[in-house]
Every structure is written in structure tokens, then in C-alpha cells.
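One line per chain: the protein sequences are L and Y, in this order. Position one of the first sequence corresponds to residue 6 (the working numbering), numbered consecutively onward. Position one of the second sequence corresponds to residue 2 (the working numbering), numbered consecutively onward.
In short, the hints are calculated from the structure, not lab data. Note that beta-carbon positions come from the ideal geometry of N, C-alpha and C, so glycine has one too. Hints should not be assumed to be uniformly reliable.
Said to hold, decoys possible - Covered stretches of chain L (in silico footprint by chain Y; criterion: 3 or more residues with CB under 8 Å from a CB of chain Y, positions within the stretch not fixed):
1. 34-47
2. 62-70
3. 99-110
4. 143-155
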Amino acid sequence: MIAFYLLAIVLIASAIFTVTQKSPVYSVVGLLVNFITLAILYFTLDAEFLGVIQLVVYSGAILMLFVFVIALLSSGIGPFPEGPDRLPRVALPALLSVLAGFGFLAFGVLHAPMASPPLRAGNNLGSVGSANVFGSVGDFGAALFTTQLLPFEITAFVLMVAVVGVVALAGDAVPEPTRGRHLRRRKRAKEREPIVKAGR
Amino acid sequence: MQPDLSSYVALSAVMFFIGVSGVIVRRNPLIVLMSIELMLNAANLALVAFARAWVNNAGHVFVFLVVTVAAAEAAIGLAIVVAVFRSAKNVDVDEVARLRG
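Turn these sequences into a full structure, and let the hints guide you.
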């Protein structure tokens with residue numbers, strides 16, 4: 006119980022840190038703490054495979070992508086907006102919508118019959134780490150490849166669409182003037198100095 | 002003693018709306034994308050808690066799907082950010098809103 010509250014405090018604090026930081030690099034660090042805390046919460050909820058997935062995919066792959074893009078964009082000039090955020094302009098509607106949504110959700114959680122059962126022990130629960138109990142790799146994989154096979158295959162389709170979309174967006178989609186300048190510069194450089202000297 | 006389901010769902014709700022406020026308020030598109038990741042992770046936490054409460058791993062498969070969609074979304078979103086940066090040399094959500102037609 007104490008562990009849950011500690012994890013909850015770290016989770017909320019790191020989320021607020023992520024949202025409020027000025028520099029995106031600090032936000033990535035806050036998000037990293039958030040994801041690691043969330044992975045520990047998954048372990049306490051007997052979802053060990055998802056905890057590992059959280060660490061590998063989120064903390065490893067997605068945050069790496071964020072850091073890479075920040076490094077790419079910040080290498081030359083400062084590309085990020087310097088001025089104040091939109092808080093003064095949108096403060097009232099943002100506050101209203103967030104409070105309305107949160108109130109709606111809190112009402113649902115407190116009044117729905119779904120919220121009443123406690124986290125009960127099932128017949129298939131064992132200690133974390135042993136094979137073929139709830140949330141283990143075997144259990145998850147059996148569900149993924151038998152009863153949930155169609156969503157798994159749709160996952161493959163989604164990833165393929167993402168790969169094609171990224172290549173189409175950022176692969177060679179240089180606007181025309183930039184590309185022409187780039188090619189002209191390369192041509193000039195080629196005329197100026199040959200890369201491989203003859204006779205070597 | 003294990004905390005009950007509603008405390009996990011309440012934690013998930015708090016985290017989700019922190020992400021919502023980030024999406025509404027911030028102008029840096031990278032932080033907007035990170036706030037979207039926060040929202041997706043809040044939904045994941047609720048799904049894992051519900052799956053644990055009913056001892057049913059369909060929720061785990063749902064979380065797996067959400068993680069996949071989040072990875073695809075981050076990749077596409079960052080590609081859009083890079084493409085906007087290439088054409089505008091400036092990444093600002095309010096500036097991008099003027100690119101119409």
C-alpha cells in the first residue's frame with residue numbers, strides 16, 4: 006500500500022515535470038522516470054511481460070526517438086518556440102475542459118458497478134516470475150496467438166503503415182528549392198575539389 | 002494489502018488529464034507528443050488494472066496494441082515535426098496552424 010502511494014506520487018510528479026518543463030530534453034527525462042515508474046506499477050499488477058515491454062519499447066525505443074529528433078532539430082539554430090506558452094490565452098477553456106473531463110471520469114469511477122470489486126485473487130495467480138501464471142510471457146503469448154490473433158495481425162498492418170508513412174514524410178520529401186540548392190551546392194563542390202585524386 | 006481498483010483508475014485519470022493539459026497548453030510540438038504519450042500510458046495503466054481485477058489477459062493484449070499504436074504515432078508525429086522543420090526552420094504548433102490549402 007505504501008509502495009503504491011510512493012509510486013503514485015513519483016508518477017504524478019514526473020508527469021507534471023514532463024508537461025511543465027521549458028526544454029524538451031528535461032521533458033524526456035521526466036517521461037523516462039514516468040515510464041520506469043509505470044513499469045514497476047505493472048509488475049505490482051502481475052503484468053510482468055507488459056512491464057518489460059514498457060521498459061524496452063517506451064524507455065528504449067520511443068524515448069530514444071524523441072532524444073534523436075531533439076538532437077537533430079537543435080543542432081543548428083534554436084527551432085523551438087521561445088515565447089510564452091499559450092497558457093494565458095487558453096487557461097480558462099483548458100481548465101474548464103480538464104475539470105469537466107476529470108469530474109466526469111471521477112463520477113464514473115465512483116458510481117459505476119465496475120469499480121466495486123477489489124483486486125481479487127484468481128485461480129491462476131501465482132508468484133511473479135513463474136511460468137504460465139496470469140501475466141507471464143507464456144500466458145500472454147497463448148492469448149496473443151490463439152484468441153487474440155486478429156488484433157495481433159492488425160498490429161503488423163499498423164506498423165507497416167507507420168513505416169511507409171515515415172518514409173513518405175521524412176524520407177526524401179525535400180521541398181523543390183531546397184533540393185535544387187542542395188544539388189547545385191553539391192555540383193559546385195564537385196567541380197572545386199575532386200574527392201578521389203587520380204593516380205593513387 | 003493491495004490497493005483497490007479505483008485507486009489505480011484514479012491515478013490513471015490524474016495522469017491522463019495532466020497529459021490533456023499539456024496538449025492544450027504547450028506550443029512545442031515535441032512536448033505535445035510527449036503529453037500524448039502520457040495520455041496513452043494512463044489508458045494503459047487503467048487497462049492493466051482492470052485486467053488484474055478480472056484476471057483476464059484480454060486487457061494485456063489491448064495494452065500491447067496501444068503500445069504498438071503509440072510507437073507508430075510517435076514515429077509519424079516526429080516525422081511530421083522533422084518535415085515541418087525542413088520547410089519552416091521553426092517548429093511551433095501555432096505557426097503550423099497557418100499552413101492551409
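Against the structure, the hints:
1. Here the stretch 34-47 of chain L counts 6 residues with a CB under 8 Å from a CB of chain Y, which clears the bar of 3, and the coverage holds.
2. Only residues whose C-beta sits within less than 8 Å of a C-beta in chain Y count toward coverage, and the stretch 62-70 of chain L has 5 of them, enough to reach three; the restraint holds.
3. For a cut-off of 8 Å, the count of residues in the stretch 99-110 of chain L with a CB near a CB of chain Y stands at 6, and the three-residue condition holds.
4. For the stretch 143-155 of chain L, the stated coverage by chain Y is satisfied: 6 residues place a CB nearer than 8 Å to a CB of that chain, which reaches the threshold of 3.
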